[in-house]
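Undergrad: Here is what each chain is made of, one letter per residue.
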Amino acid sequence: MSKSASGKGSSGAPTGAGTGAAGGKDAGGRGSKVGTLATLTNHGDPAAAAALVALFPAASRVESYQGDVRVHVAPAQEVELIRRARDQFGYDHFIDRLGADRGPEADPRFDVITLLGNLRTGKRLIVVTTLPEDEPETPTLCAVFRGADWFEREIYDMYGVRFSGHRDCKRILMPDHFPDFPLRKEYPMEGRGEFAAPRRALGGNVDGKDGTVAIPSQPGRPGPPTRDPLDRTGAPRP
Amino acid sequence: MSISRSQNTNRGAGTSLPGTRTLDVEVAEDRHAESMMINMGPQHPSTHGVLRLILELDGEEIKRCEPVIGYLHRGKEKVGETFSLHKFIPYTDRLDYLAPLSNNVAFALACEKLLGIECAPRAQSIRVICHELSRISAHLLGLGAYAMDLGAMTIFLWTFRERETIYSLIERICGARFTTSYTRVGGVERDLPDDFLGKLEAFVKEMPGRVDEYEAMLSRNKIWVKRTQGVGIITKEQALQFGLTGPNLRGSGIDYDVRKAHPYLGYEHYEFEVPIGTEGDCYDRYLCRVMEMRQSVRILEQVLQTIPAGPVLNRDGDGVLKSVLPEKTKVLTNMEALIHQFMVGTTDVHMPVGEVYFSAENPKGELGFYLRGDGQLTPARLRIRGPSFANLQILTELLPGHMIADVMAVLGSIDFVMGECDR
Numbered sequence: 001m002s003k004s005a006s007g008k009g010s011s012g013a014p015t016g017a018g019t020g021a022a023g024g025k026d027a028g029g030r031g032s033k034v035g036t037l038a039t040l041t042n043h044g045d046p047a048a049a050a051a052l053v054a055l056f057p058a059a060s061r062v063e064s065y066q067g068d069v070r071v072h073v074a075p076a077q078e079v080e081l082i083r084r085a086r087d088q089f090g091y092d093h094f095i096d097r098l099g100a101d102r103g104p105e106a107d108p109r110f111d112v113i114t115l116l117g118n119l120r121t122g123k124r125l126i127v128v129t130t131l132p133e134d135e136p137e138t139p140t141l142c143a144v145f146r147g148a149d150w151f152e153r154e155i156y157d158m159y160g161v162r163f164s165g166h167r168d169c170k171r172i173l174m175p176d177h178f179p180d181f182p183l184r185k186e187y188p189m190e191g192r193g194e195f196a197a198p199r200r201a202l203g204g205n206v207d208g209k210d211g212t213v214a215i216p217s218q219p220g221r222p223g224p225p226t227r228d229p230l231d232r233t234g235a236p237r238p
Numbered sequence: 001m002s003i004s005r006s007q008n009t010n011r012g013a014g015t016s017l018p019g020t021r022t023l024d025v026e027v028a029e030d031r032h033a034e035s036m037m038i039n040m041g042p043q044h045p046s047t048h049g050v051l052r053l054i055l056e057l058d059g060e061e062i063k064r065c066e067p068v069i070g071y072l073h074r075g076k077e078k079v080g081e082t083f084s085l086h087k088f089i090p091y092t093d094r095l096d097y098l099a100p101l102s103n104n105v106a107f108a109l110a111c112e113k114l115l116g117i118e119c120a121p122r123a124q125s126i127r128v129i130c131h132e133l134s135r136i137s138a139h140l141l142g143l144g145a146y147a148m149d150l151g152a153m154t155i156f157l158w159t160f161r162e163r164e165t166i167y168s169l170i171e172r173i174c175g176a177r178f179t180t181s182y183t184r185v186g187g188v189e190r191d192l193p194d195d196f197l198g199k200l201e202a203f204v205k206e207m208p209g210r211v212d213e214y215e216a217m218l219s220r221n222k223i224w225v226k227r228t229q230g231v232g233i234i235t236k237e238q239a240l241q242f243g244l245t246g247p248n249l250r251g252s253g254i255d256y257d258v259r260k261a262h263p264y265l266g267y268e269h270y271e272f273e274v275p276i277g278t279e280g281d282c283y284d285r286y287l288c289r290v291m292e293m294r295q296s297v298r299i300l301e302q303v304l305q306t307i308p309a310g311p312v313l314n315r316d317g318d319g320v321l322k323s324v325l326p327e328k329t330k331v332l333t334n335m336e337a338l339i340h341q342f343m344v345g346t347t348d349v350h351m352p353v354g355e356v357y358f359s360a361e362n363p364k365g366e367l368g369f370y371l372r373g374d375g376q377l378t379p380a381r382l383r384i385r386g387p388s389f390a391n392l393q394i395l396t397e398l399l400p401g402h403m404i405a406d407v408m409a410v411l412g413s414i415d416f417v418m419g420e421c422d423r
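Just so you know, the protein sequences line up as chains A and B, in that order.
Sequential numbering from 1 applies to the first sequence in the working numbering.
Sequential numbering from 1 applies to the second sequence in the working numbering.
It is possible that part of the hints are untrue.
Here are the simulated DSSO-like cross-link-like pairs (lysine-lysine), alpha carbons at most 30 Å apart as the crow flies [claimed, not checked]:
#1 K226(B) - K185(A)
#2 K170(A) - K236(B)
#3 K226(B) - K63(B)
Now the in silico label distances, taken between C-beta atoms and shown as ranges [said to hold, decoys possible]:
#4 G191(A) - L332(B): 35 to 41 Å
#5 A76(A) - K199(B): 57 to 63 Å
#6 A74(A) - L332(B): 41 to 47 Å
#7 L197(B) - P179(A): 50 to 56 Å
#8 S168(B) - P108(A): 51 to 57 Å
#9 T346(B) - G165(A): 44 to 50 Å
#10 I38(B) - D168(A): 17 to 23 Å
Covered by chain B, per the in silico footprint, the following chain A stretches (three or more residues, Cβ under 8 Å) [as the list claims (entries may be wrong)]:
#11 63-77
#12 93-104
#13 120-127
Because the hints were derived from the structure by calculation, they are not lab data.
Backbone N, C-alpha and C define an ideal beta-carbon position, used for all residues, glycine too.
Chain A with its partners taken away, still in its complex shape (with noise of 0.2 Å):
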């Protein structure tokens, strides 16, 4: 068994890097007998795809890797061909938004994908759109799908793209003090040491840009009481 295999590792070395590059369509037919790789290929819809692209011809295109749709759109017609997609295409399940670096050299830079799905037909749409390096920002979301608050805050927090007309884009998985943007491409593994929290973050219920919550208070009623949890002095609170 071992020594068949490494006969034809000899043998099929040199175009073992370069199969996976080819496009989707031939994902079907490769390998020896049909498994279930004909049913992990086959989530999109390009007939839906090309419908909805085709009511946003000027800033559109459509791409496909192994049996997914992905539709590239303008960052400006972003919502309303999502929007389209839910109501008039029966997208109507958010499932996910994230973001992506293609590497500081890359100009646009950061993709931010949201992926939809069709309860009626069980089928899936990659929505694209991308922005460049320098103050990266891109409508919310929220006003489609609710549900995209927390996945656009989880985008600012690890590459720094902005959402116009969130209610409150903040960080979501670092602390609100970290000074760096994690997932882009120029920020090191290994991070960039240890930095200096700033010390009324370790409290709750602060207001300010300092403090790890920032509930902000009803009109009419006043705030909640703040209170530096390290102050020893047993000064009175404010």
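Given chain A, work out where chain B should sit, using these hints.
TA: Positioned in the frame of chain A, the structure of chain B alone reads:
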């Protein structure tokens, strides 16, 4: 498949909505009244991990809820960009750490989709066993901890009895109880031991009776019914808007299960039903999980009948030699296999240029991986779509209007795990 609810309640199904619930005593408007901020967690027992909830209360009623997450953030997506696909498998154990085998399976399938590699037929059946065993195990823990949060200690001990059996089985499969790292691209790490299928059969025979026991303790229990029915109602519209998946979505009456919508691992060949709730309250989500356990047992019965013989790693097909590791037993005894292992392990797999998204139906919901390859040795982007992340977000809309004592009922019914939420 619709689920039958117990009606042993004086509240009547569907009459009480959380938004309309008011305090019994009318409270005179007090302009000096302050709302109270309560900090729940990150070390609160009912938050099952390190979730922190900041609640604003008016009396005992919740006005606002702000979940604070990120305490368990380990930068897995960053790590994924520096490792080859094989080396990332152990990291998937720690996503939903209550169902590590399920995470392994989902990640292996995502890699196979990206690389275009078939899984060996026997390994497919083994993966189904892994998937369903860990589903039962995760639901057992979810149910036991949920019941304990609401004061029913017995269930917790009973479910851990069965979980012990499952962990013994998992130990037989891959040698580890918890950090399994069992799947490989193109198959699984090793074949099942000879005595495994017999032990699994015994478990499969025993389990339906055990589920009956849990149901006898809870489904018509007056306290349980009163604590969960009509509490934490998630509407269909909310569930779709917030991207809920798994039992939380199905509890709201939406028939969506990845195993049915996009059958993978040959799930289209197994007969099973998807339990669907009617009201969308905590009780429905509880019932969905209990009935899913029964369906998982049903799937396991069929796997036992149909599991084929053969190798557990794909050995023929394009690109296999570059990406599929040899069997470990051969590596230890055979020079060519050792060289093969060394080559795959050191030179790694060159990623194809392309992007795929694959998701599997995990116990908590849809665990998805978005992989982007750019021809390098490591993925350019490895996104983990943890179902608990989306499932937790709905708390901001779900909890206001509830009593503070209902928080435990709602949290337990959402059944989240912070490992995959914070990643």
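Undergrad: The structure should be examined with respect to each hint, and the outcome stated for every one.
TA: Hint check results:
1. K226(B) - K185(A): 52 Å, violated
2. K170(A) - K236(B): 28 Å, holds
3. K226(B) - K63(B): Measuring from Cα to Cα gives roughly 22 Å; hence the hint holds.
4. G191(A) - L332(B): 35 to 41 Å: With a Cβ separation near 37 Å, G191(A) and L332(B) satisfy 35 to 41 Å, so the hint holds.
5. A76(A) - K199(B): 57 to 63 Å: 60 Å, holds
6. A74(A) - L332(B): 41 to 47 Å: 55 Å, violated
7. L197(B) - P179(A): 50 to 56 Å: About 55 Å separates the Cβ atoms of L197(B) and P179(A), which means 50 to 56 Å holds.
8. S168(B) - P108(A): 51 to 57 Å: 53 Å, holds
9. T346(B) - G165(A): 44 to 50 Å: 49 Å, holds
10. I38(B) - D168(A): 17 to 23 Å: Given about 20 Å between the Cβ atoms, the range holds.
11. 63-77: holds (count 4)
12. 93-104: holds (count 8)
13. 120-127: holds (count 3)
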